[in-house]
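Q: Residues per chain are reported as follows:
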Amino acid sequence: MFLDGYLPQIIDGCKMTIMVSVTSIFIGVILGVIGALGEMSNSKIILKISKGINSIVRGLPELLILFVIYFMGTILLSKVFGKYTEINIFLTGVIALSIIFGAYAAQTFRGAFLHIHKGQKESAMALGLSSWITFKKILFPQALRYALPGLSNLCLTTLKDSSLISLIGLHELTFKSQLAATQSYKPFTFYLVCGLIYLILTSLFELVFKLLEFKVSYD
Amino acid sequence: MIDTKILWQSIPQIATGMVTTLELMICALIIGLLLALILTMCSYLNLKIINIILKAYTFIIRGTPLLVQIFIIYYGSSQFDFIRNGILWNILKEPFACAVIALALNTSAYSFELFRGAISAIPYGEIEACQALGLSKLQMLRKVIAPRAIRLVLPAYSNEVIIILKSTTLASTITLMDIMGVIHAFISQTYLTASYLLLAGSIYLFLNLIIINIFRYIEGRLSYQ
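Chains as they are written, first to last, in the numbering used here: chain Y, 9 to 227; chain C, -17 to 207.
Everything labelled a hint here was simulated from the structure, so no lab data went into it. Mixed in with the good hints there might be a few duds.
To be verified - Computed list of lysine-lysine pairs in DSS-like fashion (alpha-carbon distance at most 25 Å, straight line):
hint, chain 1, residue 1, chain 2, residue 2
1, C, K75, Y, K194
2, Y, K129, Y, K223
3, Y, K218, C, K37
4, Y, K194, Y, K144
5, Y, K145, Y, K194
As the list claims (entries may be wrong) - Stretch by stretch, here's where chain Y covers chain C in the computed footprint (C-beta under 8 Å, at least three residues):
hint, stretch
6, 53 to 67
7, 121 to 129
In this text the structure is predicted, and so the values were computed from the model without any measurement. C-beta: ideal position from N, C-alpha, C; glycine also.
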């Protein structure tokens, strides 16, 4: 029988992996923009805080960040509700991955924002646009264009890092493969399949980003 | 909240965990560096088949999670009887060796890309100048290309070293007692979750700081001034 009948399980795992990664990427992009704005802020305190948070997150192992959020989240929730409450694993994964994504994306976005000519902002001001409209309509679309190649790499990293969430028990691709591997006594087969699926997924992500880059390019 | 006495008692075990982490990192980096250099040499030959193989290698290593690679090497190798009865089993039954293999393969693929980028960043005029001076290919590599490429690649390579340090935490998933493994064991024994996680975080940040400073020092020594 093909894959000993574990195929539906593995497909379920795939869906979960994609869901976790895509959610984390969306939240991570927002965090990244906030982080980039923080690092370009005029206020010294905001600058120091955002730089500090950024280098701490980038310096810590991903697994440790995941564990911190999992364990501390559970402790915090238990304190709030007055009884033992475990934090939702999906939520833990999304928080951890989006924080990691955000920290790296902040650097990418900062580079992209610095790449935009100063005259763009000045002409927007001269036209009397509010700072929010300037950001939304003028700065962000241009920054996104410069940031896309960097973000594409980060998305691949996030997709791969999502395998770590299997360690706290989220039923995603790696977890399901592990389950199949231990139950069927065919670890090599199932981990190989798992690796192949990750390869397909990363290739798909890359393709999507190539199309996006093509779409937003000037010509 | 932070119980210093229990934390103090766990210092020796955490220190041994730190030694394991550093051993893992250094073994993986040395093997990975050698592999990456060999791969770079191979790409230098400019043969079509070798280039395709190299591309496939980096595509596979960079496209799959390290965790899955570690699982394939450690758990996957036990599926085949010929491996279990062969000489290779002496290596593949050890979690440490498996973790080193996975980390080394990983870093070799990433460093190879860095090295190739650095070599292609060297202006072609310099290579032509070497040829005009009548240097042999080896002399050219040793005297001109390598020194320049090393300077170009160092900042990016320091990032790679930090990534490997962070990746060693995954070795704790195959029963190795590195810093993460020791901390995890202590958390489940004592329930002093916050203190131990804080401790682990500070150790990793401290190790990062050391690595960054070592590379700054090397870069300073190697710079033109």
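Q: Please list, smallest to largest, the hint numbers that this structure does not respect.
A: 4, 5 and 7
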